[in-house]
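Engineer: Each chain, written out:
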Amino acid sequence: MTRTRIVVAVVVATLVVAALGLIPVARAADPIKVGLGMALTGGLSANGKPALLAMQIWKDEVNKKGGLLGRPVEIIFYDDQTNPSTVPGIYTKLLDVDKVDLVVSGYGTNLIAPLMPIAIERKLTLMGIFGLANNEKYQYPNYFQISPTGPDPATSTAIPFFELAAKQTPKPQTVAIVGADAEYPQTALVGAREVIKRFGFKTVYDKTYPPSTVDYTPIVRAIKATNPDIVFIASYPPDSVGMLRAAHEVGLQPKIMGGGMVGLQFTTIMQSMGSKLNGLVNYDYWVPEKTMMFPGIAEFFREYQPRATKEGVDTLGYYLPPYAYAAMQVLGQAIEATKGLDQQKIADYIRTNEFNTIVGKVRFGKNGEWAKGRTLMVQYQKVQDGNIEQFRQPGKKPVLYPEELKSGNIIYPYSAALK
Amino acid sequence: MFSWDLLANAVVAGLLLGGFYAAVSLGISLIFGLLDIANIAQPAFVILGSYAAYVLHEGYGMDPILTGVLFTPVFYLIGALVYRVYYASFERRGDEALRGLVFFFGVLFIIEVSLSLKYGVDYRLVQTGYLSRSIELGGVGVAFRYLVPCVVGVAMTAGLYLFLGRTFYGRAIMAVSQDQAALRLMGADPIHIKTIAFGVGIAAASLAGALLISIAPVIPSTDRDYIGRMFAITVLGGMGSIGGTLVAAVILGVVESLMATFFGPSWSLAVSFGILLAALAVRPAGLFGR
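In order, the protein sequence lines correspond to chains A and B. Under this note's numbering, think of the first position of the first sequence as 19, with each following residue one higher. Under this note's numbering, think of the first position of the second sequence as 153, with each following residue one higher.
Hints are supplied without guarantee of correctness; some may be wrong.
As the list claims (entries may be wrong) - Chain B residues, not near chain A, derived (Cβ > 12 Å throughout):
#1 TYR228
#2 ARG236
#3 ALA295
#4 THR347
To be verified - Using C-beta positions, here's what the derived DEER-type ranges look like:
#5 PHE257/B x LYS400/A: 44 to 50 Å
#6 PRO135/A x TYR271/B: 45 to 51 Å
#7 ALA310/B x PRO412/A: 19 to 25 Å
#8 GLY404/A x ARG245/B: 48 to 54 Å
#9 GLY380/B x LYS390/A: 27 to 33 Å
#10 PHE257/B x GLY330/A: 21 to 27 Å
#11 SER266/B x ASN245/A: 35 to 41 Å
#12 SER433/A x ALA310/B: 58 to 64 Å
#13 HIS344/B x PRO135/A: 44 to 50 Å
#14 PHE257/B x GLN74/A: 29 to 35 Å
#15 PRO135/A x PHE261/B: 26 to 32 Å
Simulated from the structure, these hints should not be mistaken for lab results. All residues carry an ideal CB built from backbone N, CA and C; glycine is no exception.
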């Protein structure tokens with residue numbers, strides 16, 4: 019062998035070795051990367067942060083048990099600042115630069131909307147976190163959504179609320195509906211109008227207000243002037259608080275009130291509103307009642323609550339965190355069952371199977387929503403002021419609806435629950 | 153649905169809301185209206201005031217309004233410092249127009265993110281016994297959580313009005329807003345005077361913040377809801393007119409309340425800003441502008 023040949027051979031061998039190193043080969047120790055954008059600042063961060071914490075708890079627990087497919091799991095996340103315009107950039111970076119294997123959405127309808135076209139174009143399996151009717155127009159088969167709103171999200175709060183109202187004696191007749199000029203409340207109001215017609219109630223007030231309203235007393239006073247039996251409110255946290263305080267100041271006491279008020283499920287708001295919550299009948303997704311104690315949920319809260327307190331996020335965490343955790347459980351179970359990371363196979367598996375999660379058995383149906391909705395109606399009862407511990411016990415928010423999860427009876431009319 | 157009872161309630165609610173709006177807008181009226189500094193970070197200082205009230209209420213049970221008053225010197229010093237940095241970095245070099253705006257945007261985000269990191273992003277609210285009460289006067293309901301902010305707002309307006317009109321430093325601030333060079337010729341240091349004015353404007357945010365968190369729950373990003381209203385009130389009242397700020401705030405409050413009661417609350421903001429546009433078309437300097 020001439021010297022030149024030796025040099026060529028060495029160079030070629032070096033290149034081959036180098037190239038082998040460059041080719042991305044999934045090794046046993048390579049983590050499975052799950053990517054997401056999450057509202058860690060901005061308007062929805064009060065929910066975004068607890069959701070992320072729940073996902074990280076899932077990751078830690080999975081890794082403790084040896085990971086998925088023998089590989090550790092890694093969560094890569096960026097702050098979407100509750101700003102939908104950041105979402106395309108975040109997910110493009112996750113997919114093209116960070117090379118994540120799977121994606122999960124951020125929190126909420128508005129942040130999922132800009133992600134849908136990306137997921138469809140790249141044929142991704144997308145797990146949505148608390149989006150309301152995001153897939154109704156696209157009908158993308160590989161989208162799934164974890165909040166238990168069910169196949170018809172628009173009427174998911176209105177049906178249980180008005181069904182409960184219709185069962186009461188004396189039966190209420192007139193309805194006032196009110197909500198914020200924002201996506202979720204508008205959808206909920208559309209659903210409410212449809213359901214009101216179905217039950218034959220008479221609408222006496224139907225108005226919306228801008229989300230930045232400061233004083234809600236004029237609105238509540240106008241509602242009171244129409245003397246409704248039922249008041250259905252679809253609101254976000256600041257307006258939920260504003261409407262409730264105004265109702266107490268003005269003395270609005272219909273026979274039944276509440277429905278779709280977001281925020282009253284959050285720890286700090288429940289704590290500061292205290293006894294003012296009594297009597298409200300409102301939607302919820304999880305409450306510490308005996309009928310809601312699904313396998314694994316107690317253990318989840320044992321892990322979540324101390325960590326949440328330390329990180330200064332929703333300390334009880336009953337609203338979103340268990341569902342964010344459950345979304346990851348679904349993904350994890352699908353990866354294990356399909357023994358790989360093929361987007362299509364995972365989506366097919368999720369679409370056709372039932373999952374055991376900490377929020378109960380989950381099966382997905384039309385448009386990737388829960389095949390059967392499970393929006394709860396609960397009533398705040400005997401709540402005292404300034405005591406957070408009371409909400410850890412059953413009895414403060416008994417489940418009134420659906421029948422199979424019922425854990426208490428409604429106090430009717432509203433004024434009786436105030437006593 | 154019209155009734156005299158509803159009308160009276162709507163007007164009173166609007167007046168009370170107006171008093172609160174005045175409290176929130178006074179700082180901007182001073183800093184933007186008189187000094188011509190586009191301090192869009194002002195609402196973030198208001199939220200900082202809210203958190204000060206919240207922290208002392210939660211930790212030591214202190215009254216939010218009292219906290220607002222006690223913190224005014226601290227906010228004054230912060231304001232003075234912010235102005236000095238702004239002056240040294242932008243105003244002195246004549247860069248204030250656009251870069252100054254970016255500077256205050258930066259301050260706004262720094263305050264917001266610092267609050268998020270320190271106190272999390274949950275909704276915070278302060279409730280005290282007397283703020284939860286309401287009284288009925290001849291069929292008109294008055295909620296204390298609006299009455300107290302209104303009274304404080306009117307008192308703040310009166311205080312600032314007297315300060316600007318009757319005291320040496322107040323008159324100097326009025327002078328610096330008219331002709332900085334002339335003030336310098338009189339032997340006074342306009343930068344020193346502007347530092348005082350800016351400090352007073354930020355100090356007002358301490359009290360305004362305490363009032364805000366008594367009315368509605370607050371998160372670090374709540375400031376963004378108030379930017380539009382604060383500047384609209386200042387411009388409608390007339391740049392630099394403290395009395396005008398109160399009048400404009402009351403007009404906006406009453407209009408919002410009347411719209412919410414009789415025509416549907418969705419229209420309230422649109423009509424408020426419609427009035428602003430109409431007023432500016434007739435009087436470009438604002439209602440009481442010079």
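Engineer: Run every hint past the structure and note whether it holds.
Structural biologist: We went through each hint and held it up to the structure:
{"no.": "1", "hint": "TYR228", "verdict": "holds (26 Å)"}
{"no.": "2", "hint": "ARG236", "verdict": "holds (28 Å)"}
{"no.": "3", "hint": "ALA295", "verdict": "violated (4 Å)"}
{"no.": "4", "hint": "THR347", "verdict": "holds (31 Å)"}
{"no.": "5", "hint": "PHE257/B x LYS400/A: 44 to 50 Å", "verdict": "holds (48 Å)"}
{"no.": "6", "hint": "PRO135/A x TYR271/B: 45 to 51 Å", "verdict": "violated (36 Å)"}
{"no.": "7", "hint": "ALA310/B x PRO412/A: 19 to 25 Å", "verdict": "violated (53 Å)"}
{"no.": "8", "hint": "GLY404/A x ARG245/B: 48 to 54 Å", "verdict": "holds (53 Å)"}
{"no.": "9", "hint": "GLY380/B x LYS390/A: 27 to 33 Å", "verdict": "violated (44 Å)"}
{"no.": "10", "hint": "PHE257/B x GLY330/A: 21 to 27 Å", "verdict": "holds (26 Å)"}
{"no.": "11", "hint": "SER266/B x ASN245/A: 35 to 41 Å", "verdict": "violated (48 Å)"}
{"no.": "12", "hint": "SER433/A x ALA310/B: 58 to 64 Å", "verdict": "violated (42 Å)"}
{"no.": "13", "hint": "HIS344/B x PRO135/A: 44 to 50 Å", "verdict": "violated (57 Å)"}
{"no.": "14", "hint": "PHE257/B x GLN74/A: 29 to 35 Å", "verdict": "holds (32 Å)"}
{"no.": "15", "hint": "PRO135/A x PHE261/B: 26 to 32 Å", "verdict": "holds (29 Å)"}
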